[in-house]
Amino acid sequence: MPVVLPPNVSEKNFQKALDAFAGVVGRQWVLATDEDRYTYMDIYAPGDADEHIPSAAVGPQSAEEVQAIVRIANEYKVPLWPISRGKNLGYGAAAPEMPGTVVLDLGRMKRIIEVNERFGYCLIEPGVGFFDLFAHLQERKIPLWMSVPANAWGSVVGNALERGYGYTPYGENTRNICGLEVVLPTGEMIRTGTGAMSNSACWQLFKYGYGPSWDQAFVQSNYGVVTKMGMWLMPEPEATLGLKMQLPNPDDVGWAVDALQPLRLSGVLQQNPSIGNSLRVVATQTPRSQWYQGDGALPDDVLRTILSKYNLGWWGIDLRLYGYDEVNEAHAKIIKAAFAKHTKQEFEVTKWHRGEPIEDSGAGVPATRALQIINWRGGRGGHLGFSPVLPASSEHVLKQFHSTKKRYEEIGVDYYGSFTLFERYTTNVNMMVYDRDDQAMTSRVRNLFKVLVADAAKEGYSEYRTHLSYMDDVALSFDYNNHALRRLNETVKDALDPNGILAPGKQGIWPKAFRGSRA
Amino acid sequence: MRTKPRFRSLAPFMLFALTTSAAIGVGVAHPRHPRPRREDDSAQKFNEGEKLFRARCGYCHLAGGTGTIMLGRRLGKDHALLDQRTDLTAAYVKTITRVGLNSMPPHTRIEVPDTELDLIAAFIARPASAHTPPASPPSTRATHE
Chain B
1 MPVVLPPNVS
11 EKNFQKALDA
21 FAGVVGRQWV
31 LATDEDRYTY
41 MDIYAPGDAD
51 EHIPSAAVGP
61 QSAEEVQAIV
71 RIANEYKVPL
81 WPISRGKNLG
91 YGAAAPEMPG
101 TVVLDLGRMK
111 RIIEVNERFG
121 YCLIEPGVGF
131 FDLFAHLQER
141 KIPLWMSVPA
151 NAWGSVVGNA
161 LERGYGYTPY
171 GENTRNICGL
181 EVVLPTGEMI
191 RTGTGAMSNS
201 ACWQLFKYGY
211 GPSWDQAFVQ
221 SNYGVVTKMG
231 MWLMPEPEAT
241 LGLKMQLPNP
251 DDVGWAVDAL
261 QPLRLSGVLQ
271 QNPSIGNSLR
281 VVATQTPRSQ
291 WYQGDGALPD
301 DVLRTILSKY
311 NLGWWGIDLR
321 LYGYDEVNEA
331 HAKIIKAAFA
341 KHTKQEFEVT
351 KWHRGEPIED
361 SGAGVPATRA
371 LQIINWRGGR
381 GGHLGFSPVL
391 PASSEHVLKQ
401 FHSTKKRYEE
411 IGVDYYGSFT
421 LFERYTTNVN
431 MMVYDRDDQA
441 MTSRVRNLFK
451 VLVADAAKEG
461 YSEYRTHLSY
471 MDDVALSFDY
481 NNHALRRLNE
491 TVKDALDPNG
501 ILAPGKQGIW
511 PKAFRGSRA
Chain X
1 MRTKPRFRSL
11 APFMLFALTT
21 SAAIGVGVAH
31 PRHPRPRRED
41 DSAQKFNEGE
51 KLFRARCGYC
61 HLAGGTGTIM
71 LGRRLGKDHA
81 LLDQRTDLTA
91 AYVKTITRVG
101 LNSMPPHTRI
111 EVPDTELDLI
121 AAFIARPASA
131 HTPPASPPST
141 RATHE
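Here the protein sequences line up with chains B and X, keeping their order.
Letter by letter, the first sequence follows residues 1 to 519 of my numbering.
Letter by letter, the second sequence follows residues 1 to 145 of my numbering.
Note that these hints are calculated values from the structure, not bench results.
Incorrect hints may have been included.
[Stated by the list, open to error] The following residues of chain B were derived to be distant from chain X, with all beta-carbon distances above 12 Å: (1) Gln15; (2) Gly59; (3) Lys406; (4) Leu476; (5) Asp479.
[As the list claims (entries may be wrong)] Facing chain B, a subset of chain X residues (Cβ under 8 Å, in silico): (6) Leu52; (7) Cys60; (8) Thr108; (9) Glu111; (10) Ser129.
All C-beta atoms, glycine included, are put in the ideal place defined by N, C-alpha and C.
With the hints as extra help, turn the sequences into a complete structure.
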């Protein structure tokens, strides 16, 4: 397999760069065989994974090694694509946007530098996975809880940097970031917030520092390589109270959002619940062929049969209250009253108290079982997430739900959607699950994605995160004043990264050197 | 262009002498008798491999994990738990780890370095005589171990 080199880099210089990288990290941690390149491709890609093929990968063990690699990359003009653990599944996994980019794999940087129980935070490196941090807290009986995404194979830092989320009151992961250590594209190292003081006493306590606040400028960005992150963790509550309900009809999601949003805003409900269609649950547990083998999307009557067999509604809601027993009870009463206006159904109530098994608590407990959905269609499964952000109201939610479902049905794929409810907005994650061995289906999914981005943009909705192949499409929808924000982003990019070596094309931000690669 | 790897069938079933009663004596976890040095080495190697298997593969391949559930569905419950299998060769384990299989993504040499993969593969492919019955019913094992 011929190596796809970075644009404008000769084979000789590429080899020199790899040799220089090996001088920093050791030959063992410069990965440049065909097999290595394959392991960094997006195996769930909608189409040919070669579109985002890296030329090599390099794995530093420390921030100092990252600095040295970045300096070498500048010398040879070799672009780098930083990943934490490379598990950005559904959004491109470990692969770079621009083919030929060298993956800067931070997976060996796995130190949990500090966990502070009193102030509820940790300071960690990018290679620390959700499972690692969870085990660390559990083994030491530290009463702090994490916010964990549905598929928790990845990195705590990487997930927060991509604005992933979990389902506890600390569920908006990017909001928990407090203080970063960053290697800039020139190799210089900085610390954000009050970490900019060499003896800061509050680096992980006070987010803002003095003057402009930079933490969020390194989120979904290509302005630096985050080598340490401060992250707030939630104190273990005395008790939790769970409220579950199945909603029988497709349109029930509308009133449910209207009932819950004011309770999110006022703080009665402090976590962000996910209202998801029940087909997602069925798809993690059975193959589609068990239910339906015909053409087109799963017919409604087949879906009804499946749901009634499992006693599921069209949507499932899973709410959780965290805190003191009495307060949880009082809040549960308010939520029940809000739902009683719309349904005669009662919530299924569960309770957890400190000391009982954590799996039943509503804490973030890492698991990977959500991945099973990929096998729904058979073959080499692929999945892709289309994730627009909408105002949290029935008007927007119902319109978007029906229009997306119709688009899915037009191309014969099954609808899997969820609405995760924050105080003011809802993130609508729509999964597209396909068989990558079926080229026609994969190609239809690929086109569907572009149609959905355009549909959403017409309504004024953006995506909160997107796959590599659509980074430019989504960036294009941010068109106010003839894309003034993109001009600002790229002005900053060129100032910080004159050689354009860091993650060209990330989130549609292209450095001058590679701007011609914009889709 | 590289042909996309597609593994549809399992490695040929490997025949090992079934020495159930002896297996109790050479149990990896609880060796009961002094062993000749060479077997000590391999027991230690399997032990190391088991630890690494749990740490690197355990996300999905312990009881209750995604990989275990998928394998159970595809090949039956007897073939669901990788560390209980006696039909896998080390070469097969290594190949699948690097190229993936169905929904299982490939694993890089940074996530699982070659030296670790050698030990993991040796543990999975250990002879049937080195297998011990699970200490407790598999269903009680947490997936996050």
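Quick rundown of the hints versus the structure:
1. With a minimum CB-CB distance of about 19 Å to chain X, B/Gln15 clears the 12 Å threshold, and the non-interface call stands.
2. With a closest Cβ-Cβ approach of about 4 Å to chain X, B/Gly59 is found to fall inside the 12 Å limit, against its non-interface label.
3. Look at B/Lys406: its CB is around 28 Å from the nearest CB on chain X, clear of 12 Å, so calling it non-interface holds up.
4. For B/Leu476, the condition that its CB be more than 12 Å from all CB atoms of chain X holds, with the nearest at approximately 30 Å.
5. Every CB of chain X is more than 12 Å from the CB of B/Asp479 (nearest about 35 Å), matching its label as outside the interface.
6. Contact between X/Leu52 and chain B, as hinted, is not supported at the beta carbon level, the nearest pair being about 14 Å apart and thus beyond 8 Å.
7. Proximity of X/Cys60 to chain B holds as hinted, the smallest CB-CB distance being about 5 Å (cut-off 8 Å).
8. Annotation: X/Thr108 was flagged as interfacial toward chain B, and the flag holds, the nearest CB pair being 4 Å apart, inside 8 Å.
9. Evaluation of the X/Glu111 hint against chain B yields a held restraint, the C-beta minimum of about 6 Å falling below 8 Å.
10. Proximity of X/Ser129 to chain B is violated relative to the hint, the smallest CB-CB distance being about 32 Å (cut-off 8 Å).
Comparing the model with each numbered hint stated earlier shows that hints 2, 6, 10 do not hold.
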